[in-house]
Amino acid sequence: MSPEFDLATWRAIQLTLELASLTTLILLVLATPLAWWLARTHSAWRAPVAAIVALPLVLPPTVLGFYLLVALGPNGPLGQFTLFMGWGTLPFTFGGLLLGSVIYSLPFAVQPIQHAFEAIGRRPLEVAATLRAGPVDAFFSVALPLARPGFLTAAILSFAHTIGEFGVVLMIGGNIPQQTRVVSTQIYGHVEALEYAQAHWLSAGMVAFSFVVLLSLSLLSRRSSRILP
Amino acid sequence: MNSEMTLSVTHLGPCVRRLGWVLGMATAVVANAAEVSVAVAANFAAPMQAIAQAFEQDTGHKAVLAFGSSGSFYAQIMNGAPFQVLLAADATTPEQLEKAALAVPGSRFTYATGRLVLWSKQAAGVDANGAVLRTGSFRKLAVANPKLAPYGAAAYETLQSLGLLQSLRGRLVEGQNIGQAYQFVASGNAELGLLALSQVYAEGRLSQGSGWIVPAHLHRPITQAAVLLKAGRDQPAALALLAYLKGAKALSVMRAYGYEP
Numbered sequence: 001m002s003p004e005f006d007l008a009t010w011r012a013i014q015l016t017l018e019l020a021s022l023t024t025l026i027l028l029v030l031a032t033p034l035a036w037w038l039a040r041t042h043s044a045w046r047a048p049v050a051a052i053v054a055l056p057l058v059l060p061p062t063v064l065g066f067y068l069l070v071a072l073g074p075n076g077p078l079g080q081f082t083l084f085m086g087w088g089t090l091p092f093t094f095g096g097l098l099l100g101s102v103i104y105s106l107p108f109a110v111q112p113i114q115h116a117f118e119a120i121g122r123r124p125l126e127v128a129a130t131l132r133a134g135p136v137d138a139f140f141s142v143a144l145p146l147a148r149p150g151f152l153t154a155a156i157l158s159f160a161h162t163i164g165e166f167g168v169v170l171m172i173g174g175n176i177p178q179q180t181r182v183v184s185t186q187i188y189g190h191v192e193a194l195e196y197a198q199a200h201w202l203s204a205g206m207v208a209f210s211f212v213v214l215l216s217l218s219l220l221s222r223r224s225s226r227i228l229p
Numbered sequence: 230m231n232s233e234m235t236l237s238v239t240h241l242g243p244c245v246r247r248l249g250w251v252l253g254m255a256t257a258v259v260a261n262a263a264e265v266s267v268a269v270a271a272n273f274a275a276p277m278q279a280i281a282q283a284f285e286q287d288t289g290h291k292a293v294l295a296f297g298s299s300g301s302f303y304a305q306i307m308n309g310a311p312f313q314v315l316l317a318a319d320a321t322t323p324e325q326l327e328k329a330a331l332a333v334p335g336s337r338f339t340y341a342t343g344r345l346v347l348w349s350k351q352a353a354g355v356d357a358n359g360a361v362l363r364t365g366s367f368r369k370l371a372v373a374n375p376k377l378a379p380y381g382a383a384a385y386e387t388l389q390s391l392g393l394l395q396s397l398r399g400r401l402v403e404g405q406n407i408g409q410a411y412q413f414v415a416s417g418n419a420e421l422g423l424l425a426l427s428q429v430y431a432e433g434r435l436s437q438g439s440g441w442i443v444p445a446h447l448h449r450p451i452t453q454a455a456v457l458l459k460a461g462r463d464q465p466a467a468l469a470l471l472a473y474l475k476g477a478k479a480l481s482v483m484r485a486y487g488y489e490p
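Each protein sequence line maps, in turn, to chains S and X. Quick note: the first sequence, position 164, residue 164 per the numbering used here, numbers continuous. Quick note: the second sequence, position 7, residue 236 per the numbering used here, numbers continuous.
Hints were generated in silico from the structure; no laboratory data involved. Where hints are given, some of them may not hold.
[Unchecked claim] Straight-line distance between alpha carbons at most 25 Å, and here's what the computed SDA-like set of lysine to any residue pairs gives: (1) X:K350 x S:Q80; (2) X:K350 x X:E432; (3) X:K478 x X:S336; (4) X:K376 x S:H200; (5) X:K376 x S:R11; (6) X:K350 x S:G86; (7) X:K376 x S:A197.
[As the list claims (entries may be wrong)] Covered by chain X, per the in silico footprint, the following chain S stretches (three or more residues, Cβ under 8 Å): (8) 89-103; (9) 173-180; (10) 185-194.
Glycine included, each C-beta is placed from N, C-alpha and C at the ideal position.
So here's chain S without its partners, still in its complex pose (with noise of 0.2 Å):
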C-alpha cells in the first residue's frame, strides 16, 4: 500500500475485480457446453464456430469496442432490442463493460476447456455407457472431473485477461466512477495526466499480478500433465 493510492484508485481495483469475477463465472457457464460442442461434433459448422470463437484473439480491441459502441447504441441492432425490452441502453454502464469482457475474453474460456474435452477422448465415456450411466449422468461424473484443469486454466486466463482489458473499456466505458472505471484505463488516465508515480505504482502490480498469475499457470500446468496421460 502506498500514499499515491487515492479512494478513487480503490475504487477502480475493486470493480475491476467484481468485473473480472463476474465475467470469469459468466464464460465458465457459457464456455462449457461450446466447448462440448467443438470438441465432439463433426457438424460442418464446427470450423466456422471455432473461428468466431478465436476472433477475439487477434481483433485488436478497439475494433471490437468500437463494434460494440455502434451496435449497443440507439441506431445499433442491439440498442434497438435492449431499448424495446426497456433496459435502456448498454455503454457507459457496468452490464455493458460484462457483455464486452465476455466476448473478449470468449477464446481464452472455451479453448482450454475444448482442448480438455478433447484429451479426454471417447473411450471413458463409452465406458461409463456401458456402466449404464446416461449421457447427462457421465458428462458430469466423468467428463466433468476429468476436464478440471481445463477449467482451471480457463478460469484463470479469464480473470486475468479481463483485468487487462483496456480498449473495449475505453471505447464503450465512458470513465463513470463505480460503474465503468477500471484499473487499466485509470493507469491511462495517470499517463494522460503525467501522474507518473501513480502510473507507476498501478502498473507495476499489474506486472506483479500478471507474473503471479502465469506462474500458477505453469506449475499448474506441470502438475496436471502428471495427472492427465
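Knowing the structure of chain S, use the given hints to seat chain X on it.
Here is chain X on its own, set in the frame of chain S:
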C-alpha cells in the same frame, strides 16, 4: 506467359534508369527543402492538415504530422521521441517541456484559442441559446476527461458557470479525449456533447447537426501553445513552420475551423 515475362524484363532496364532520374530530380528539389516532424494535438488535426499543405506549397518544406494527446506526446518527448515542433492542446504542456529543458527557451507562443460547442447530430437537437441543457430533454452529455483534455476542463467550467454541474453530473459520460467524446455523440450513444468547435466546424459553419457555440466568458480561455523542441533547434523547416503558423494564411484556416487566433 513466357513472352510477357521477356517483355517485362526487357522493359525493366529503361524503367530503372527512369526511376534513377526521377529520384535524382527529387533529391535536387529537396536539397533546399527539408522535413519537419510535428506532434499535433488531436483537436487541431483538421486545420493542421490544411495548413501543412499550404506550408509545403509556399515553402517547399514538408511537415510530417503525428496526432495525439498532449499528455502522450509529453511522455514520448520526455523519452526521446524525435519531434521537432509540438502544437499542444493546452499551454501547460509546452511550459513543462521548457522547464524540463526539452524545448528551446523563448520559442513558446499561443498559436490558437479554441472554442467549445454544445453539439447534437440532430438538426433540431440544440437551440440557439443552449437552453436544452436546462430543459434536460436528453439522457447523456458527452465531455472529454477534464484532467486530460483542456476542452473537458472547459466543459466542466461551463456547466459550473451555468449552475448545472450538480444536476447534470449523473448524465455526463467522459471520453479520454475530445475525439472519443465526439465518437460518443456521433454514434448516437449520447444525444449531446460539449466538444471542440473545430470537430464539427468547417468553412465557417457547422458541417452537420446543430450546435450552440458556448460564449467564451463561461470558461477559462482554451489557449493552445506551440513550442520548438530540442530536436528542432536550428532546423530551418521547423523555424519556418512556427513562423508560418503566425502568418495570414494559417490564421484564416484556423478561423474557418472555428479557432480564434
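Against the structure, the hints:
As the CA atoms of X:K350 and S:Q80 are separated by approximately 18 Å, the hinted pair is consistent with the 25 Å bound. Among the hinted pairs, X:K350 with X:E432 is consistent with the structure: their alpha-carbon atoms are about 18 Å apart, no more than 25 Å. For the hint pairing X:K478 with X:S336, the CA-to-CA distance comes to about 21 Å; that is within 25 Å, so the pair holds. For the hint pairing X:K376 with S:H200, the CA-to-CA distance comes to about 18 Å; that is within 25 Å, so the pair holds.
Taking the CA atoms of X:K376 and S:R11, the gap is about 18 Å. The hint holds against a cut of 25 Å. With a C-alpha separation of about 24 Å, the suggested pair X:K350 and S:G86 falls inside the 25 Å cut-off, and the hint holds. Annotation: proposed proximity of X:K376 to S:A197 holds, straight-line Cα distance about 16 Å (limit 25 Å). For the stretch 89-103 of chain S, the stated coverage by chain X holds: 3 residues have a C-beta nearer than 8 Å to a C-beta of that chain, and at least 3 were required.
Remark: the stretch 173-180 of chain S is confirmed as covered by chain X, as 3 of its residues place a Cβ nearer than 8 Å to a Cβ of that chain, reaching the required three. Counting residues of the stretch 185-194 of chain S whose CB lies closer than 8 Å to any CB of chain X gives 7, so the stated coverage by that chain holds, three being the minimum.
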